[in-house]
Amino acid sequence: MKKLLSITLACAAVSAFATVESHWDGGRNTPVHRLALNDEFGDAIVPGTPNALPLSTRKTCGQCHDYDAIASGWHFNMSGTNTAHGRRGEPWFLIDPLSGSQIPMSLRGWQGTHTPGQLGMTDWEWTYTFGRHMPGGDRADPKDLYAEGGPHARWDVSGPVEINCFACHSQSTDYDHSEWVRLILRQNFRWAATGAIGLGEIRGMGSRVADYWGVLRGLNRDDAVYAVPPHVVYDTRQFDAKNRTVLQVGAPRNENCLNCHSTSQAGMPHKDIDGDVHLRAGMSCADCHGNGEDHAIARGYEGDTTGKMDKTRASASCVGCHMGTDLARAGRHGAPAPKHVGIPVSHFKELSCTACHAGVTDEGMLAEVRTSRANRMGVYGRARWATPQPFILEPVFVRNEADKIEPRRMTWPAFWGVRSENDAASISPLRPETVTAACAGLLDVREQIGALLGTLATDPNVPGTPVLAIGGKLFKKHLDGYAEPAGDTTQADGVYYQTATNLIAVIPAFDPHADTEKMNDEQLEARQNNEKRLSNLLQTLDASAAAATNGFGAVVYGDTLYFRGGDADAMISTNAPAKSDAPAVGWYKDGAFTALVSAYAAKNVKELGGSACSITETMVAAALKRLSEAGHTRAVYVAHGQVWELTADGSLNAKVEKAAEPVSWAVGHDVRPARMARGARPAKCADCHTVGSAFFFAKVASTGPLLTARTLVKAQNEFMGLSGSYNKVFGTTFLMRPFFKIFLWAVFAILVLVAVAFTAAAVPALLAKGGVPYGKPAEHLMVLIDRGAATALALASIYLGLSGLLGWFFHLMTGYILVFHMVGGGLFAACLVALIWLRGGRRIANTRRNALWMVVMLLGVGVVFTAVAPMMTWFGEGWQWAMLWSHRLVGMAFLAVSAWMLLTGGRKE
428 MKKLLSITLA CAAVSAFATV ESHWDGGRNT PVHRLALNDE FGDAIVPGTP
478 NALPLSTRKT CGQCHDYDAI ASGWHFNMSG TNTAHGRRGE PWFLIDPLSG
528 SQIPMSLRGW QGTHTPGQLG MTDWEWTYTF GRHMPGGDRA DPKDLYAEGG
578 PHARWDVSGP VEINCFACHS QSTDYDHSEW VRLILRQNFR WAATGAIGLG
628 EIRGMGSRVA DYWGVLRGLN RDDAVYAVPP HVVYDTRQFD AKNRTVLQVG
678 APRNENCLNC HSTSQAGMPH KDIDGDVHLR AGMSCADCHG NGEDHAIARG
728 YEGDTTGKMD KTRASASCVG CHMGTDLARA GRHGAPAPKH VGIPVSHFKE
778 LSCTACHAGV TDEGMLAEVR TSRANRMGVY GRARWATPQP FILEPVFVRN
828 EADKIEPRRM TWPAFWGVRS ENDAASISPL RPETVTAACA GLLDVREQIG
878 ALLGTLATDP NVPGTPVLAI GGKLFKKHLD GYAEPAGDTT QADGVYYQTA
928 TNLIAVIPAF DPHADTEKMN DEQLEARQNN EKRLSNLLQT LDASAAAATN
978 GFGAVVYGDT LYFRGGDADA MISTNAPAKS DAPAVGWYKD GAFTALVSAY
1028 AAKNVKELGG SACSITETMV AAALKRLSEA GHTRAVYVAH GQVWELTADG
1078 SLNAKVEKAA EPVSWAVGHD VRPARMARGA RPAKCADCHT VGSAFFFAKV
1128 ASTGPLLTAR TLVKAQNEFM GLSGSYNKVF GTTFLMRPFF KIFLWAVFAI
1178 LVLVAVAFTA AAVPALLAKG GVPYGKPAEH LMVLIDRGAA TALALASIYL
1228 GLSGLLGWFF HLMTGYILVF HMVGGGLFAA CLVALIWLRG GRRIANTRRN
1278 ALWMVVMLLG VGVVFTAVAP MMTWFGEGWQ WAMLWSHRLV GMAFLAVSAW
1328 MLLTGGRKE
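Quick note: the sequence shown uses the working numbering, first residue 428, plus one each step.
Within a straight-line C-alpha distance of at most 25 Å, the following computed DSS-like cross-link-like pairs (lysine-lysine) qualify:
1) 1168 - 1155
2) 1155 - 1126
3) 831 - 1126
4) 1052 - 1082
5) 903 - 1033
6) 1111 - 1168
7) 900 - 1033
If you are wondering where the hints come from, they were derived from the structure by calculation, not from laboratory data.
Hey, can you work out the whole structure from these sequences and the hints?
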């Protein structure tokens, strides 16, 4: 009996913790998630107990939801091992301003990106670097925490980053993305979700504890101040007597999406950002970008084949929702039907919807933008997290894999690398820390001067803010430790204290050879004060970290050098190694005096000024030389679409290579209202089709952390693969288009009147007064005009017919073929009117010939009307297609009837 009872209890215990199958019964309400939490070992969490572990989404959410199925979704499968990659997206960027690195990275093998393995990054380092905007899973959640070892894989300390369900599904305004970022950067991986959702306070930092610490070791009894291991102190007020809490979760909120998917124009005020028109209309991101439990989220671009295509996924694209496809009816979510009045249908073949309707820049013009993941936007706290790197431009119009022109965000990689000995075109990137270590003192010039100015500010007797004057520019220390511009000055180069009214030299006035016996009391007091200032300056320099390598702080007056280095730290004077015409402050070591600020640092800091760039060509040349000396004999620097390397004479050469090509990804949002789309009123066609159109001819200059005048500049049309000269010619035709329309409408009106009159035989006598009757001698000039018009009409008709067929069957109605088609159309209309006027009075006895002549005139009317009507802003897309087909059919009929008349003996008709 006891054995049976034991077995029964054991089965009950197992079933209590078994995974419950998730189901949906059709109810549209969101269930209240009141439940007990489990830790990563599957144990129930008792929030009031010491050393309670953080919640595990695998063991908590996984009780009802298929965790493994979710893990295969887009957000949690970065390596793409069991999902299709789809079109390229925004890569990750490994940023290091100090070394001038912005390296595009991806686990999906996208063109122009690098993998962690190429830089020697472990999965733990990958997670630590980019986990700030990752929702966990995949490489951030290894099955074996001990597979990667060593100081570059501290999984035992940090724990894994399980899928953070709350990053998307939290409905609470308490969810704190910034807290998530801070916890990831503190190496508190396994605690990040618990802290971000606000279930408790996360104390301690994994980054401060030893590599051998593990979560089961508990707190450090020897250190409760600094090296405190990460742990959670739960807010017990959020739990009931059964240790249950309510997790406020539901469909993803827009705010949650925007934590990682925001994009803004650099420098644009918040008040000027309108946001996406769909969100303004009350929709949510998830309305279009939905998914099932497999979390294969609909990406919403045309041609998306990365998931099971059903009517819901098919309606997620612009076309599917607004215009309908074979799988989806238009109008989902109340989507309006676009009219596209006056827009030729060729635009819909050549352009993506986003080319006209999407982008975040002002008026859709080319500008620098920042994104959450690339530029670390949207993280708030005392520290400033956002960076200007990488420098991203939008929109750059590129022809995509579907042969459509789409707007993209584009940036150029910047990194140090080594050429392959076997393949000179192959360049392997170097890790930024490898470069900065090898090039110590060469790349951190701003930081060097910032540290110096910070050192001078530690003197409690300073009269103002320490600043450095270089070539008429002042620099001060920024809060983050680097030197930044502080205005202009007429003072000589040197270090000063800046007050509200003037600049005071750091080096006090002092004459080593002055005869103190001849000084009065006031002069003696002034000398003593300056001597004290000098002693304080030297003492401040000696206390700085730089003194450990640079020697003693020293000041040179003429041929005398002062420093503090005796047993009693008294100020010592000695002969200067070299006479100085002006007082100079610097370092004294091994009998040599060096300037406080090197000429190299001063030159480059002045050149950089307040630029967001972080290195100069001089710095690149010096660093390449140092890297070569350190063993990287084929070292190069990649930036601005070029590969930079030293020549035999030591100069810096830049060469365009494939390894330096830009990376780009499609723009999807923000979608603008229709009236703000490219090509909308009042500019309409002139938005793109002018001689200086920004759409075709805006100059796209390469960007990057290197400050240089040798940037790569290309026009937009080059990225589209279109001819610049043709589009300038085509843009010129739009200057004449209003007159062309008037001319064609006039021709159309004349043709209509003549056709009606001819048909009714009401005005043949009137026309005869101006016509040239068949067989009657006429003036020589009129005969020449008649023959010339007939010949020109025939040639124009032949060209129009041939080019029309090329456009119809081979889609070649573009480029100069289109331009000459328009010219031929004008010639056709003019010649047709001339011939009708000259020959309108002829009445041939053959009734059938007269009927054919009438048909020619009517078809000519149709050709002109179907050519000019689409140019007006009257017809939407449906009627535009109708006009196109009518133009083709009427034109071919005109040619057929004309050819029949010619072949049946009516050459003169």
